[in-house]
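Asks: Residues per chain, in single letters:
Number of protein chains: 2
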Amino acid sequence: MQKKNGPVVALDIGGTKIMTALFDADGKMQAKDVRQTMAVEGVEAVIERVLAAVRDIIRNNNVSQNQLEAIGIACAGGIDTGRGVVVTPSPHLPGWAGLPLADIIKDKMGVAAYVLNDASAAALGEQRYGVGKGIKDLVLLTLGTGIGGGIIIDGKLYLGARGGAGELGHMTVEAAGPTCGCGNTGCLEILASGTAIVTDAVARIRHGEKTALSAVSGGELEKITVEMIGEAAKNGDRLAQDVIARAAYYLGIGMVNIANIFNPEMIIIGGGMAGLGEMIIAPGRKMVEERAFSINSRGIQIVKAQLGNEAGVYGAAAFALDMGRK
Amino acid sequence: MQKKNGPVVALDIGGTKIMTALFDADGKMQAKDVRQTMAVEGVEAVIERVLAAVRDIIRNNNVSQNQLEAIGIACAGGIDTGRGVVVTPSPHLPGWAGLPLADIIKDKMGVAAYVLNDASAAALGEQRYGVGKGIKDLVLLTLGTGIGGGIIIDGKLYLGARGGAGELGHMTVEAAGPTCGCGNTGCLEILASGTAIVTDAVARIRHGEKTALSAVSGGELEKITVEMIGEAAKNGDRLAQDVIARAAYYLGIGMVNIANIFNPEMIIIGGGMAGLGEMIIAPGRKMVEERAFSINSRGIQIVKAQLGNEAGVYGAAAFALDMGRK
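Chains as they are written, first to last, in our numbering: chain L, 121 to 446; chain V, 121 to 446.
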């Protein structure tokens with residue numbers, strides 16, 4: 121079949137939001153749309169919302185369905201990219217286990233569809249459009265509610281045998297550590313994610329420690345967010361500084377492991393928590409220098425992601441364009 | 121320059137022995153030679169011994185120096201493969217830091233020379249000639265005095281930005297664990313290597329625990345080896361079984377991490393300690409099944425290496441042949 125070389129639609133389906141973007145055949149973003157996932161309404165309702173978003177963005181930009189080359193979909197969870205199936209869904213997308221997402225979208229839209237894990241998509245996005253442009257070997261970590269990862273080897277996204285590669289948040293760094301949501305023990309995610317920071321702060325407040333966070337949250341501890349903790353830390357709050365330092369320490373251990381395992385040119389820190397900036401990144405950079413093999417630490421760049429929450433659609437677009445032209 | 125397509129010599133330089141092998145242009149091993157490294161005599165003496173071994177094996181097999189296509193060298197330590205330099209030498213090769221090994225051999229032999237880490241070479245060897253034949257994505261661990269690693273991605277050896285990739289023995293799995301020889305903390309190597317097993321056994325015997333090992337070693341605890349411990353474990357010795365189980369547990373954590381990070385088709389366990397067989401491998405296989413993401417554990421093969429101590433020369437030969445024909 122002759123390849124079309126037409127525009128592609130990229131989607132990033134998360135537990136909270138669906139981002140949809142239209143890219144021209146040269147890989148340039150033309151338009152973007154964000155709507156709520158409302159996953160509680162069930163799989164079919166979300167799929168309908170995804171299809172509506174795709175139809176809207178092409179119609180609004182005068183692209184017809186048969187001009188489309190492909191649809192690329194970044195999706196939270198463990199994705200079998202070869203089959204286009206959601207194997208281990210995100211806890212925020214209940215009921216998605218086993219969903220043949222690529223086939224569903226392909227059938228409804230009449231165009232090739234590809235699904236990949238959202239952190240893998242973010243890594244590809246940053247490598248093609250962001251801070252990792254021109255870098256051949258890089259690893260990206262997305263820090264948020266959980267911790268995801270994406271691996272670029274020799275300029276290409278590495279997905280492993282089935283698309284499950286890059287689950288760097290589920291690397292055990294503390295064998296005797298707490299049980300993670302994934303069932304494994306002492307994972308980076310349970311020790312260094314946004315959830316870990318908030319849980320740690322709340323536990324210490326409940327334990328009677330003094331902090332500005334009690335007032336900021338109006339005493340409603342369940343309202344404490346990573347952003348609040350970051351703000352309090354900047355203002356000198358000791359507890360806030362401590363819990364961020366603890367997460368940064370474990371993140372540093374993860375970075376040392378990544379340096380020793382991959383000898384990458386660059387480690388990119390993305391996700392909402394990257395907003396904490398140097399507070400969360402700098403300690404790890406120092407640990408890599410001190411603890412990794414010198415051959416692995418020399419020249420390594422450890423930097424903040426550049427594309428923010430658009431990294432997923434950029435990566436999904438690049439993936440769809442690559443797959444379409446293989 | 122026209123490529124020669126001639127035979128290659130492969131070397132595996134370790135702290136104890138130098139293995140030299142001659143391969144024909146089709147990559148078939150023609151001859152093999154093993155001699156002592158005697159590293160204490162200094163770098164120059166070892167280099168002379170290496171050169172003598174190369175000259176002997178080609179002369180004995182009626183190959184002239186100018187027929188040779190290349191020399192491939194697997195070497196212990198952190199190797200900058202691009203520059204052919206030993207960056208972080210093995211503790212058993214003192215004085216090798218900064219040694220431009222590839223250039224030295226190239227200058228003396230008048231033929232292209234390539235150096236790579238010995239565990240990376242073993243991974244490539246197993247993938248081309250051993251248990252990993254036909255497998256595209258695999259990870260190999262060499263268990264011995266230390267723990268090394270090698271990574272095959274898409275059928276090719278992955279070395280990272282400078283050749284330092286694959287240091288899987290220096291992945292922290294116990295953040296609060298003991299300090300490793302490399303300076304990092306709680307590395308897989310300090311918890312699961314042969315050295316770790318022996319150290320653990322001796323400490324427990326010194327602590328007064330009863331074991332058949334006291335008699336086997338004639339009371340000279342410094343003579344206890346992993347092989348003795350393995351034998352005692354097979355004979356039902358509780359202490360021996362315990363220390364092996366502890367190492368196997370940490371090795372299992374390492375395997376779960378490898379599964380979640382790489383989603384490989386296969387994990388290969390090589391090195392001297394692979395001789396312990398299922399005793400050291402089976403617990404990890406079970407842990408991968410229980411703890412890794414299902415997309416990463418499904419279908420994964422966790423197997424013993426096939427080439428024994430020849431894996432390094434096989435890999436060095438494959439690397440030299442690949443590089444010569446790029």
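Treat the hints with care, since some could be wrong.
[As the list claims (entries may be wrong)] Only pairs whose alpha carbons sit at most 30 Å apart, straight line, appear in this in silico DSBU-like list of lysine-lysine:
| hint | chain 1 | residue 1 | chain 2 | residue 2 |
| --- | --- | --- | --- | --- |
| 1 | L | K276 | V | K276 |
| 2 | L | K228 | L | K256 |
| 3 | V | K228 | V | K330 |
| 4 | V | K256 | L | K226 |
| 5 | L | K253 | V | K256 |
| 6 | V | K253 | L | K276 |
| 7 | V | K354 | V | K330 |
| 8 | L | K137 | L | K152 |
| 9 | L | K256 | V | K152 |
| 10 | L | K276 | V | K256 |
| 11 | V | K406 | L | K253 |
| 12 | V | K253 | L | K256 |
| 13 | V | K226 | L | K256 |
| 14 | V | K148 | V | K256 |
| 15 | L | K256 | V | K354 |
| 16 | L | K228 | L | K343 |
| 17 | V | K226 | V | K152 |
[Stated by the list, open to error] Partial list, computed: chain V residues near chain L (C-beta under 10 Å):
| hint | residue |
| --- | --- |
| 18 | E168 |
| 19 | L171 |
| 20 | A173 |
| 21 | I177 |
| 22 | K256 |
| 23 | Y278 |
| 24 | P298 |
| 25 | Y370 |
| 26 | N383 |
In case anyone wonders, no lab produced these hints; they're calculated from the structure. Note that beta-carbon positions come from the ideal geometry of N, C-alpha and C, so glycine has one too.
Asks: Are there hints from earlier that the structure breaks, and if so, what are their numbers?
Replies: Of the numbered hints given earlier, those the structure breaks are 2, 3, 9, 11, 15, 16, 18, 19, 20, 21 and 24, listed in rising order.
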